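The numbers in full-length UniProt numbering rise by one with no breaks, and the one at position 241 of the sequence shown is 241.
Calculated from the structure, these hints are not laboratory results.
Treat the hints with caution; some may be incorrect.
Between beta-carbon pairs, the in silico distance windows are [said to hold, decoys possible]:
1. Asp-544 / Phe-125: 21 to 31 Å
2. Pro-449 / Glu-199: 46 to 56 Å
3. Ser-298 / Pro-449: 16 to 26 Å
Pairs of lysine to any residue, SDA-like flavour, derived with a Cα cap of 20 Å [as the list claims (entries may be wrong)]:
4. Lys-76 / Gly-91
5. Lys-76 / Ala-88
6. Lys-78 / Gly-510
7. Lys-76 / Glu-28
8. Lys-78 / Gly-91
9. Lys-76 / Glu-297
The structure displayed is predicted, hence computed values, not measured ones.
Even glycine gets a Cβ: it sits at the ideal position worked out from N, Cα and C.
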Amino acid sequence: MSRPEPMQHGFDTARRGSEKLDAKASCEEALCALFAETLGRDHVGPHDDLFELGGHSLTAIRLLVRIRATLGEELKIKEIFDFSTPAALAGRLTGAADDGARAPLTRVERPDVVPLSFPQRRLWFLHRMEGRSATYNVPLALRLTGTVDAEALHAALLDVVGRHESLRTVFPDVHGEPYQLIRDLDEADFRWERRSVPEADMERTLRDAARHGFDLATEIPFRAWLFETDAEHSTLLLLMHHIAGDGWSMAPLTRDVVEAYTARVEQRDPEWSELPAQYVDYTLWQRDRLGDVDDPESVYAQQLDYWRAELAGLPEQVTFPTDRPRPATAGYEGMRIDFELDAELHRGLVRLARRSNTTVFMVLQAGMAALLTRLGAGSDIALGSGVAGRTDEALDDLIGLFVNTYVLRTDTSGDPAFEELLARVRERSMSAHEHQDVPFEDLVEALNPQRSSSHHPLFQIAMVLQNAPSEDFRLPHLQVSSEFISTDTSRFDLLVEMYERHDAAGEVAGIETLVEFATELFDRVSVEGVLARWVRLLEQVVADPS
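Turn these sequences into a full structure, and let the hints guide you.
Right, here's the structure in full:
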């Protein structure tokens with residue numbers, strides 16, 4: 001997928017941050033441009049609706065970021081949903097810069113010791129407890145047809161490691177307190193392995209490699225293998241630890257590998273623009289923006305107060321009936337099921353989301369909450385999810401861990417009609433988005449649920465709709481196809497990860513769904529039965545949400 005160029009629409013987007021647009025017509029024009037840029041469209045009219053044009057919650061967040069950078073005004077995500085056309089939203093803007101708008105992210109002077117970001121701290125502590133494990137590995141396998149220039153590929157990957165500090169950062173600690181140590185490229189010891197593998201052994205080889213356990217204290221969290229079957233067929237495996245990157249990171253990683261490999265094949269350096277910031281800059285900016293936990297006026301303290309109230313009295317466990325007793329200590333062994341919500345159901349979900357002024361994910365979440373209640377989980381349903389966390393334009397092209405885990409609580413009591421349940425989900429989802437910055441481990445510490453090594457705290461079932469920007473691997477002289485690689489692990493009782501697909505005309509074409517489940521608890525047939533019931537429930541509410 002080619003990356004859309006910024007739309008001009010009567011003003012220079014490169015100078016957006018310095019423009020002072022005071023007339024409503026100019027504000028409306030600017031919003032039309034920002035809507036178009038966010039959606040990747042050539043034109044958006046004043047009365048075109050963001051969600052009718054295919055927008056979703058992540059689109060709304062990206063639009064908020066652009067409005068902040070361009071107009072200096074701070075809006076809430078609820079305002080994007082309630083005023084979802086440029087004309088309507090223009091009426092919400094004051095026309096003057098908002099003194100309360102957050103400061104933009106820029107490069108800053110670095111202290112001698114750089115702390116971990118809040119998302120990194122959580123993964124570091126998990127790594128410290130579990131040791132070298134594959135639980136948080138992020139593998140990407142690419143089948144390559146054609147003659148690979150292996151030397152150019154190795155050089156290209158080194159270029160990418162040099163470009164993104166997050167890929168060459170290790171995490172030692174002093175007296176138990178971790179810090180980020182960025183290796184120079186010539187000291188990073190990027191692990192690159194090239195060897196012959198028969199096709200019959202490829203699946204096992206990929207799976208074994210993907211289960212490599214990183215030592216985060218000494219080993220950079222990124223490595224690669226080139227497995228060659230014959231002169232025309234090979235497989236590239238890129239393996240990243242989650243502490244170095246999230247789902248969104250796959251797009252800039254892809255884009256940069258393609259640019260670097262193309263350049264190295266042509267015996268030149270990559271011609272990419274300098275990144276506006278590195279991950280360390282984000283770490284320091286994030287800590288400065290959230291403020292001190294002991295300051296009751298800080299963003300951090302106010303958001304934490306919200307979560308204390310929102311999650312008070314949360315049930316210790318919310319899951320569906322297991323096939324085996326829960327072990328005293330979770331082993332994180334898992335299995336994956338792949339299936340698809342077909343195009344017809346996908347279209348129905350989109351229609352229902354538009355009618356109810358919600359998102360497809362909110363409909364899916366409400367359906368899962370209703371099903372869990374039917375399966376005996378009670379009427380207070382907690383599901384885990386993730387929020388992208390890229391709340392500044394400077395982060396768009398950066399590989400790094402920005403996603404934050406949070407809890408979506410759904411009240412299914414009173415046997416509500418699905419429309420009413422969806423309204424409840426919408427209200428709480430909007431509020432959760434507004435308070436997305438508190439690190440998950442801080443929620444756990446503040447709420448202090450009964451700790452157990454047998455299950456995940458605060459929630460045991462997680463759902464994610466991956467709608468981050470994507471890029472295609474278009475390597476010169478090669479045909480490339482991606483392949484999912486399972487690490488045979490599961491971080492939760494159940495993780496439902498979904499990807500919306502669209503056809504060449506941009507129409508919805510189904511939702512690809514990957515489900516990880518804990519094999520210590522469930523048999524495959526039981527999980528398949530639960531998923532089948534979820535799909536049937538979704539089909540029913542799409543047909544009649546009342």
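Next on the checklist: Run the distance test for Lys-76 versus Ala-88: straight-line Cα separation, threshold 20 Å.
Outcome noted: holds, 14 Å
Checklist entry - Is the hinted pair Lys-76 and Glu-28 satisfied, with a Cα-Cα distance of at most 20 Å? => result holds, 18 Å
Item to check | Outcome for the supplied range 46 to 56 Å, where the beta carbon pair is Pro-449 and Glu-199 | outcome: holds, 48 Å
Item to check | Given pair status - Gly-510, Lys-78, alpha carbons within 20 Å | outcome: At roughly 27 Å apart (the allowed maximum being 20 Å), Gly-510 and Lys-78 break the hint.
Item to check | CB-CB spacing for Pro-449 and Ser-298 relative to the 16 to 26 Å hint | outcome: The hint (16 to 26 Å, Cβ to Cβ) holds, given that Ser-298 and Pro-449 are roughly 24 Å apart.
Checklist entry - Would you say the C-beta atoms of Asp-544 and Phe-125 sit inside 21 to 31 Å of each other? => result Distance hint for Asp-544, Phe-125 is violated at roughly 46 Å.
Checklist entry - Has the given pair, Lys-76 with Gly-91, been kept, meaning a C-alpha gap of at most 20 Å? => result holds, 14 Å
Item to check | Hinted pair Lys-76 and Glu-297, Cα distance within 20 Å | outcome: holds, 19 Å
Item to check | Pairwise hint evaluation, Gly-91 against Lys-78, where the allowed Cα distance is 20 Å at most | outcome: Distance ~15 Å between Lys-78 and Gly-91 Cα, so the pair holds.
When held up to the earlier numbered hints, the structure conflicts with 1, 6 and fits the remainder.
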